[in-house]
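Colleague: Let the sequences and hints guide you as you build the complete structure.
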Amino acid sequence: MAVNSTEISAELNKLPQRIAEKVQAGLKLARWIDLVLHLPMRYQDEATLSTFENLVDKANASLIGTVVDSEIIERPRRQLVAKLAVDGGEIQLRWLHFYPNQQSKLSQGSTIKVTGIIRKNRWGWEIIHPKIIFNPKAEEWTQTHSKTQKQSQEKSQEQAQKQTDTTKAATAADSARLTPVYPSAAGIGQTDFTRWLKQAPEAAFEELLPSQWLNALKLPNWCNALQTLHGQASPNTEAALNNRSHPAWQRIKFEELLAQQLALKQARQHKKTTTAPVFGAQPNPILLAAQSKLPFSLTQAQSRVLNEILQDLALPHPMQRLLQGDVGSGKTAVAALACAQAIGADYQTALMAPTEILAEQHFKKLHPLYKSLGLNCELLTGSTGKKEKRRIEAACRQGGVHIVIGTHALIESPVQFAKLGLVIIDEQHRFGVQQRLALLKQDKLSTADHQNSALMPHQLMMSATPIPRTLSQTYLSDLDVSNLDEKPPGRQPIITKLVSQKRREDLYRRLQIELTSGKQAYWVCPLIEESETLQLQAAEQTYAEIQNALPQANIRLLHGRMNSTEKTDIMAQFQNQTIQLLVSTTVIEVGVDVPNASLMVIEHAERFGLAQLHQLRGRVGRGKTASVCVLLFGEPLSWTSKQRLKAMKDSNDGFYLAEKDLQIRGPGELLGKRQSGLPMLKYADPLEDKEWVKLSRKYANLIQFEEHRWAQRLIERWFVQTDWWLS
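Residue numbers (my numbering): 1 to 727.
Calculated from the structure, these hints are not laboratory results. Please read these numbers as outputs of a predicted model, since none were measured by experiment. Some hints could be false.
As the list claims (entries may be wrong) - Pair by pair, the computed Cβ-Cβ distance ranges are: (1) Ile19 <-> Tyr99: 24 to 34 Å; (2) Gln492 <-> Ala59: 45 to 55 Å; (3) Ala549 <-> Lys120: 20 to 30 Å; (4) Gln108 <-> Asn221: 44 to 54 Å; (5) Asp593 <-> Arg503: 22 to 32 Å; (6) Ala59 <-> Ala25: 29 to 39 Å; (7) Asn215 <-> Asp69: 15 to 25 Å; (8) Tyr99 <-> Pro414: 53 to 63 Å; (9) Arg42 <-> Gly109: 45 to 55 Å.
Here a beta-carbon is modelled for each residue, glycine too, at the ideal position from N, C-alpha and C.
Modeller: Rendered as structure tokens:
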């Protein structure tokens, strides 16, 4: 059962209302267990003093010194700056946010102790927003320093003798503890977390895993792990805590992965309790007729995947399958045949695409095929006229439409089906989970087919952006995955070239040669995520520059703010070769198919992710002529941009690029919760923690929910909403 917002607020009733609101709004923490699991981002050794001579750039440092100057500077922004004289030199302290009385406390001659991340710039050493202790007793800190060193040596000897006793080593009390540094928000101080943790209920520290599991995995118990991570750790564990290799962190990672695997397992079990229409595993006459009319033979990969889909459609439970394949691998053909199987069993089908351009492309490809079979195929998008929309909606309700292709307009309330049996969602990562599930929720075959009112349609999701195997194992355990890892014969390889903006004039000359020879080209304008208006301005500026450089060429601009009629007209002119060069924003990322286009220029390619670059590159290479993709980049390049561009130059394999994208960007950025609808990981990393991923899957498979009641509580500990797959 999901925890609603009222219950969430009630859980933090021990905190003052003002503080509870800050915790909930600023930190997105709704329950006591969320506060307990709000773990430090790093640890600082504040007991051991640094010296000026051994400061390390971007490392933590604690220093005692005398304030020699402090002032409020108004430019470039209002800030408080102080200079601190320490033994051997001087460092600068800077606060971008400060209280009015803070400067008075930093009066000249004051002795203070500062702790923070120290950085070296061209003016010298600096700490931004250091933690301050006023009037420290230097003698006490010297004594603490010596005591810490002695205790560290003793602790090292103890660990050498008892390496397997990780729990005791991790939780041993030490008067010189590391100081945890928490991710925070405005109005919430670091000491607040320590105070709140003391108020947390005992249930938050309850052990849920069997002791025999902990012993086998050599992991500390839950309470001890939390005590360690929240500050009861000695300085000699600083490195292990900061790089998250400490046994306490390993316990957290394993449990988080286990909770996720259990949630996915629960989702899969839930789907088995839902019934779906049965279409039969053998190709029916409609499918066979559709396949005979295709202008090509299926590849071995297409035949294999189609068979996997047919086996699913023969089961009385909803298919939940992800069909992923590289650009041009033939996913649409497989989807069309799956639709034919459903139609042959007397059911309707729906295909939802993320953009009108892609929906229209699908319609243009599939409508002639279905029409030749005597089937009714309709297109429904946001641009469909009111009268036409009402006609299509009525036909859907009455069963007069066999397949409807559209955008999110398909999930608007007036659209209902008489007998919906199969839903196909193209470029599934472009839809939010709420949008994807809305089509299933509202259309349980309940409008006219009362006998089948409890049936759930089968669902096939497609993506030309392959999800790496590592993420598939971690995030898609509730889905069956089919891979189209073979391209149809005859597809020409695409040559990828990296070109600096400095050679822009050379590129114009090369473009002129291509257009003069009868070829066509795309020029994709830079991605500006912050503002659609700025992106449009950049596209219009680029369009004007190219027109000036190539005055004889027929060039047109395409962007997302054009109405559907304008976009359709421009694409039609480009497809019939009236337009030679199409300058465009990323609206052409998916779906556009113009065989005569043999050159793709991507401006400021360093601003794009690998998946987008690969999608854009896939718009060329669709004819019989070898094609070129030019990645036009600006300098200087960041490390990440260099890695992306090199990967693009080295490979045309979408599966390889997906793995590289995962390595470069990390799972959190590559597969966000907003897009995927899946419970994301806060602390475990599928790349770095592959062994824990394997172990979590192994142990999750040992659990039967009805026999292990704690499994549900474990899911609820980590995920507020435990029925996320239905939400």
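Colleague: Decide, hint by hint, whether the structure agrees.
Modeller: Here's how the hints hold up against the structure:
Distance hint check: the CB atoms of Ile19 and Tyr99 are about 18 Å apart, inconsistent with the given range 24 to 34 Å. Against the hinted window of 45 to 55 Å, the Cβ-Cβ separation of Gln492 and Ala59 comes to about 52 Å, which satisfies the hint. Range check, Ala549 to Lys120: Cβ separation about 45 Å, and the 20 to 30 Å hint is violated. Between Gln108 and Asn221 the Cβ separation comes to about 52 Å, which falls inside the hinted range of 44 to 54 Å.
Taken as a hint, the range 22 to 32 Å holds for the pair Asp593 and Arg503, whose Cβ atoms sit roughly 30 Å apart. In this structure the supplied range 29 to 39 Å holds for Ala59 paired with Ala25, their Cβ-Cβ distance being about 33 Å. For the pair Asn215 and Asp69, the beta carbons lie near 58 Å from each other, so the given range of 15 to 25 Å is not met. Checked against the hint of 53 to 63 Å, the C-beta distance between Tyr99 and Pro414 comes to roughly 57 Å, which is consistent with it.
In this structure the hint that Arg42 and Gly109 lie 45 to 55 Å apart at CB is violated, the actual value being about 32 Å.
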